[in-house]
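Participant: Here is how the chains run, residue by residue.
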Amino acid sequence: MINPHPGLPEFDYIKPASLDEASRFLAQHPAEARPLLGGTDCFVRMRDGLWNPKYLVDVKHLDGMDRIEFDPTLGLTIGAAVNMNRVIASPEVNKHYPLLAEAAHTVASYQLRTRATIVGNLCNASPAGDTTGACIVLGGKLHIFNAKGERTEGLHSFFTGPGKTALHPGDIVSAISFPIPPSNCSGRYLKLGRNKVGDLAIVGVTAFGYPDASAPSGFRFKIALASVAPIPLVPARAEALLAEKAINETTIAEAAQLAMDACTPIDDVRGGARYRKYMVRNMTRQGLSDVWACLNQN
Amino acid sequence: MSLHRINLTVNGSKEQVDVPSNWTLLQMLREKLAITGTKNGCSAGECGACTVMLNDEPVNSCMVLAVECDGAVVITVEGLAQDGKLDPVQEEIIKAGGVQCGFCTPGVLISARALLDRNPHPTEFQIRDALVGNLCRCTGYVRIIEAVKNAAQRSA
Amino acid sequence: MPKKVSSVSPRSVGDESLRSVGNEIPSPIGESVTRIDAHEKVTGAAIFADDIQFGPNLLYARIVRSPHPHALIKKIDARKALALPGVKAVATGADFPGYLGLYLQDRHIFCRSRARYIGDPVAGVAAVTEEIADQAAALIEVEYEPLPPVFDPEYGISPQAPLLHPKLGDYKVANFIFPEPGTNICNHFKIRKGDVDEAFKKCTAIVERKYHIPQIQHVPIETHVVVARADEGDRLTIWASSQSPFAQRDLIAKGLGISQSKIQVIAPYVGGGFGSKAGVSMEALAVAIALKVKGRPVKLRLTREEEFYTAFVRQGLVGYFKMGCDKDGNMLAIDNRYYWDGGAYTEYGVNMTRAGGYSGSGPYDVPNVHIDSYCVYTNHPVTGPMRGFGMPELHAALEQCTDELAHEIGMDPVEFRLKNCVRGGDIIATGMRMHPIGLAECIEKAAKAIEWDKKSKPSAPNKKRGKGIAIMWKAPAMPPNAGSSAYVKLNEDATVSVSVGGQELGQGTFTVMAQIAAAALGVPFDTVRVATPVDTKYSPYEWQTVASRLTWSMGNAVRAAALDARKQILELVAASWGEDPGDLDIKNGTVISYKSEEQISLYNIVIYGIPLPNDQGWLGGPITGRGNFMPTYVTGLDKDTGQGARAVVHYTTGCQAVEVEVDTDTGKVDVVRAVAAFDVGKAINPEMVRAQMEGGMVQGLSTAFFEALRLKDGVLTNPSFVDYRIATSTDAPSDIQAIIVEVPQEDGPWGARGIGEHAMVPTIPAVANAIFDAVGVRAGNPPYSAEKVYLAMLEAGIVK
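Protein chains in written order, with my numbering: chain Z, 10 to 307; chain Y, 290 to 445; chain V, 1430 to 2229.
Okay, chain Z solo, but in the shape it has when bound (with noise of 0.2 Å):
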């Protein structure tokens, strides 16, 4: 029986000094602890009696997790900290990553996306999470921060399963990061909710393309799926068909029926798996057909 509670259970809320003061007070207290950024997922769940951590780290205050950086070599920089309102009207984001920006808005609603943040979303790992498709066409790298020593992950593995992911106890992500995108590249993120605006995903569709003389197709596709996996989902076959094949309505349709073949939702409380498997299938198509009637125009 769901019987959450009127407000948020006890813990104690730590704002530490320095990453290194959080990563060390979150190492020691490994199923204690937990980082706080933009608490929309994390106060939902405490209320909801599934997590119960005894503290929350508020690391949003932190050296460079406030930034938004591009440079024209290196790319673009995202802060942990940064809400997804400030990254959606970013000048730099809106002239090279558009996709992000789109997928941002889809989220929730703009309170909500006032304190939501793209590294928020991704560590939460669910399979429906509306920026994860964008990301991870984007090339997105997390920089992580650890007391031990940092690293930087691509997106590939870092999803392990239903609100899962590769993270250790003592890890911040203090960053995400996107090369710059290949030239004349151009994205579409489709969002199938019960409301016409906001919701979670029914099924999301994230499609992305570029020229690529390399292809045989002359160009390369990258798509995600929201919603019909345990993980965000790459449909590898439907991308390697994109790039073998000229592009026209046949092939397009063929991605898709692979894209479909290629999930495995399930029935839940908001779609069924049937209904499911044609939504990828269609919205594939559609997001597909968006994508390289921009790249015709180019």
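There is no bait here: all hints are sound.
From the derived model, a few chain Z residues whose C-beta atoms are all more than 10 Å from chain V: (1) ASN61; (2) LYS69; (3) HIS70; (4) HIS114; (5) ASP221; (6) ALA224; (7) GLU253.
The calculated DMTMM-like cross-link candidates involving lysine to aspartate or glutamate, where the alpha carbons are at most 25 Å apart (straight line), are: (8) LYS438/Y <-> GLU2116/V; (9) LYS2097/V <-> GLU413/Y; (10) LYS1723/V <-> GLU320/Y; (11) LYS286/Z <-> ASP2092/V; (12) LYS1619/V <-> ASP1764/V; (13) LYS205/Z <-> GLU413/Y; (14) LYS1892/V <-> GLU2090/V; (15) LYS1892/V <-> ASP299/Z; (16) LYS384/Y <-> ASP372/Y; (17) LYS2097/V <-> GLU263/Z; (18) LYS1892/V <-> ASP1841/V; (19) LYS2097/V <-> ASP276/Z; (20) LYS63/Z <-> ASP29/Z; (21) LYS205/Z <-> ASP2099/V; (22) LYS1886/V <-> GLU413/Y; (23) LYS69/Z <-> ASP359/Y; (24) LYS321/Y <-> GLU19/Z; (25) LYS1504/V <-> GLU1572/V; (26) LYS69/Z <-> ASP307/Y.
FYI, nobody ran anything at the bench for these hints, they're computed from the structure. Backbone N, C-alpha and C define an ideal beta-carbon position, used for all residues, glycine too.
Starting from the structure of chain Z, add chains Y and V where the hints point.
Facilitator: Leaving out everything else, chains Y and V in the frame of chain Z:
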């Protein structure tokens, strides 16, 4: 569980409050400061009845810890009117007939005010999009949207 | 041909001058004045129940609830809870043997020996903070013995089903409700009119369908909240977000076995009701706990999740519909069976079954009607009144069946409705003669406004457009003697104070009552105030704020009270002037004589009277007008046939039409435009009437596309906004037209009748009919999610 002393400004007035770690901004406003215009509709960031301005941006105050508000500037519905003069969004929502039970109204007004602050001439879709996190069960949104349009036109 | 209207004409106290005020409509009746509560609501000053400030002595309550849908309660051990510092008391059913209930007393305050739904209250804790109360509640140990449950009303009726209320035969019940003891049937309403079997033989087209309309919830943005305090003198004070302060007082008094005079219910603004805050539900829990901590107020507020499954929900309906028409499209017979999923307690729900029964033919003139309407106990959440009171559930199915009938004989659906819709003078399913109504006018106007005959182009190649129409009727469902009363008093400065017992839920009743008082008294609208909050100690009696009855019933009472005050004023001034009161009038707050052209302002005289000349004494005294209204003409209905002279006070009728665009790639349905047309008799405040039509349309659309309580083995699997979706600002259509039709209600104030509920009744079938027009399929049971529509198109081969 520790208490944290925080200093913040609410509706232009300086406050100093001792709050437990697990109190939300909404709880602090309503139960420590007795500023009850902002409402609790779900405690889960879904309905928007608790929307306030936090450092010039609208947030669901049920999803913000009070302790995170040290040094913050908060505006609630009570702070929209200046010297007894209603804000245009307040005047227009009355004129348009966009208030029925009134429970969603405080949150709606904050979201509307924030929208017009960042986008003085929004399209109808932009208005709807900005209000998607404010649930209303009575009005069907029709007159709320019209009110925001009219308020935007006033500053044209 | 003019139809004869009901020959019974209602009277009420203060009524003598009702007809003599003249035939012209006085200001501000029919004017869209600004709401009187708008300013405080936009400034955050309006007080709702959770805003009321209590002192440091306030305690908070949390409830322990059954995790089993059906179980015996063997043992409750509260020792660990009571030992927690800050905990002041624990209450259980052991101390409260009384029964509660509006129409059927089948419910204890706390479960005593048996829990009947997941969420059934078993114990309550009061503590100094809500957090401690919550921790204490988790420490209360309850031993249950699960029992086999019932989750379906058809199963509940079958002989295999366990009995959920073995004592049904002993429960007190209203004399118009017919439970069947020894079964799970808590009400069985029948209509037997004409001979359906013979009539079906003459039908060219017959449609037979089964529909399952799911439970939904009201989702007021303000959840239930109550504060209760018991004093040493055994007096109870209750502050509640309540639609029905007097009903709460009465039901709690009866449940505790005490006098109504010992209970005071104070009801501030309600943040949305829709029926969920009618009657008594969680308020009794706070009262019981308060009795254990005498002298200290105890606050109980429901979380949103608790609101979804422990507050009232709307009944589910399993309905069998059979209707037929001849080749010319005349509906000849209706044979329907309704199995209402009443939930664990049906103290309120039994009357929805009755209303669903007597209005079960829909708004049609059909000579042969056979209806069985069963309310069945199940181990599901408790059902209570929700906007429409059985009508949305019924019409969701019925209006799709009539649409199908029309299509089957090749008749246009609008033409079919116009041919068969009920009109003034028709004898309806209960044998009552229908009063004058404007349903046909509503249909014509709605069809015209949606451009029914025009096909419009879809916005993209993968989209299809269609139009659908649905009509409705509903009568206020209430006891035959539900009464209203009002006082009108004046202040020294001639401002007016109107006291009522009805509640402002957002529908605008306080504003309308102020308009009625201003018009009847003859004073400017802005001098009229409504005395708030409603308080059973000081406010006049009002049965409940439900049934869309206030404008009509309480409006009559307020009008009578204002006329009574007017009469006293005119008699006073006439005596002072030596004139006949019949030559005097009040205009704009000034008493004038049409004969002598004398004038006097109302200032002061309404309190201090008028001095006699030469200091020889005084005339008059403080003016206090009183009025009441209670329908006197509703008759009973035969237990076996449902026939009676006057089943209900009146019907409000209307129509909705929608144009949809279906996305054939996803099944998503967009409402391009929507039209509502309702006959409200007289729109006292036209913009507020339109606002009800708009709000009702959007709430109706929300139920059409999104809403269902997904119960699985008695567990609510979507108990929050995350997965119980309602319409947001982006889902509301940008083109909603609200058309007011006015065929006066004979005994309504200036002809007015209600609109509050009706505005969301026909929306589901209008949408379903439009989807059918667009893509040629019906998607089964509502809600018509994109998934259902897509899969229906897939099954039908419309998409691959």
